[in-house]
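**Student:** Now for the letters of each chain:
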Amino acid sequence: GGIITQTPKFLIGQEGQKLTLKCQQNFNHDTMYWYRQDSGKGLRLIYYSITENDLQKGDLSEGYDASREKKSSFSLTVTSAQKNEMAVFLCASSVGTGGGNTLYFGEGSRLIVV
Amino acid sequence: QQQVRQSPQSLTVWEGETAILNCSYEDSTFNYFPWYQQFPGEGPALLISIRSVSDKKEDGRFTIFFNKREKKLSLHITDSQPGDSATYFCAARISGGSNYKLTFGKGTLLTVTP
Numbered sequence: 001g002g003i004i005t006q007t008p009k010f011l012i013g014q015e016g017q018k019l020t021l022k023c024q025q026n027f028n029h030d031t032m033y034w035y036r037q038d039s040g041k042g043l044r045l046i047y048y049s050i051t052e053n054d055l056q057k058g059d060l061s062e063g064y065d066a067s068r069e070k071k072s073s074f075s076l077t078v079t080s081a082q083k084n085e086m087a088v089f090l091c092a093s094s095v096g097t098g099g100g101n102t103l104y105f106g107e108g109s110r111l112i113v114v
Numbered sequence: 001q002q003q004v005r006q007s008p009q010s011l012t013v014w015e016g017e018t019a020i021l022n023c024s025y026e027d028s029t030f031n032y033f034p035w036y037q038q039f040p041g042e043g044p045a046l047l048i049s050i051r052s053v054s055d056k057k058e059d060g061r062f063t064i065f066f067n068k069r070e071k072k073l074s075l076h077i078t079d080s081q082p083g084d085s086a087t088y089f090c091a092a093r094i095s096g097g098s099n100y101k102l103t104f105g106k107g108t109l110l111t112v113t114p
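Chains as they are written, first to last, in the working numbering: chain A, 1 to 114; chain B, 1 to 114.
No wet-lab data here; the hints were simulated from the structure. Just to be clear, a hint being listed does not mean it is correct.
Some chain A residues judged to face chain B by a derived CB distance under 8 Å, without partners named [unchecked claim]: (1) G40; (2) K41; (3) L43; (4) T102; (5) E107.
The beta-carbon is built from N, C-alpha and C at its ideal position, and this holds for glycine as well.
Start from the sequences, fold in the hints, and give me the full structure.
**Tutor:** Written out as structure tokens, the structure reads:
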């Protein structure tokens with residue numbers, strides 16, 4: 001088995017601040033994802049990465065940057081935090097393409113903008 | 001445009017009853033449908049999935065019924081237990097190839113009352 005570790009669990013920042021969330025996985029999975037979860041809105045894909053140094057935009061990439069520094073880690077940066085951005089950010093990983101890819105999620109990082 | 005719709009938004013059943021969670025989709029190219037279960041404070045985890053070549057998938061007390069013609073599916077939870085109380089997400093994707101994107105519905109919050 002493996003685990004997805006997201007840090008920090010809670011991130012408090014000021015409006016306009018640049019804030020970074022980190023994610024590590026030890027599944028040795030190729031593909032990693034960042035999703036945003038808002039209450040009553042489900043999960044929306046921000047960025048994903050097929051392999052190290054790859055980046056693909058999801059549906060909600062505006063206002064965010066991402067970086068896949070190495071196979072096991074994927075970070076997400078909120079470029080200018082806004083109060084309407086308070087949500088839970090979920091990192092996930094999967095083996096890769098083909099068949100029904102199971103996504104394994106971390107516990108989430110909650111962003112609070114003051 | 002919401003591609004995957006779930007209903008009801010929330011559902012309360014008594015312990016021992018069957019809970020029925022509904023899902024519909026718009027894109028006829030979707031052919032893989034996983035359901036994810038999320039407990040408070042945790043990330044979603046794969047519960048059960050079905051491919052469009054099947055009309056039913058069973059795993060213990062959890063059964064997916066799939067109607068390709070109507071583009072609808074449902075998750076039945078028989079003999080519901082308080083431990084089943086969680087949010088359930090229906091998701092859809094095109095299996096295989098280079099399409100990595102999993103589209104999620106907004107979720108159904110299930111409460112099982114003892």
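**Student:** Does each hint fit the structure? Answer for all of them.
**Tutor:** So, going through the hints one by one against the coordinates:
1. G40: Constraint on G40(A) satisfied, holds at 6 Å.
2. K41: holds (6 Å)
3. L43: holds (4 Å)
4. T102: It holds, given that the least Cβ distance between T102(A) and chain B is near 5 Å, below 8 Å.
5. E107: Status holds, d = 5 Å.
In the structure shown, no violation is registered for any of the earlier numbered hints.
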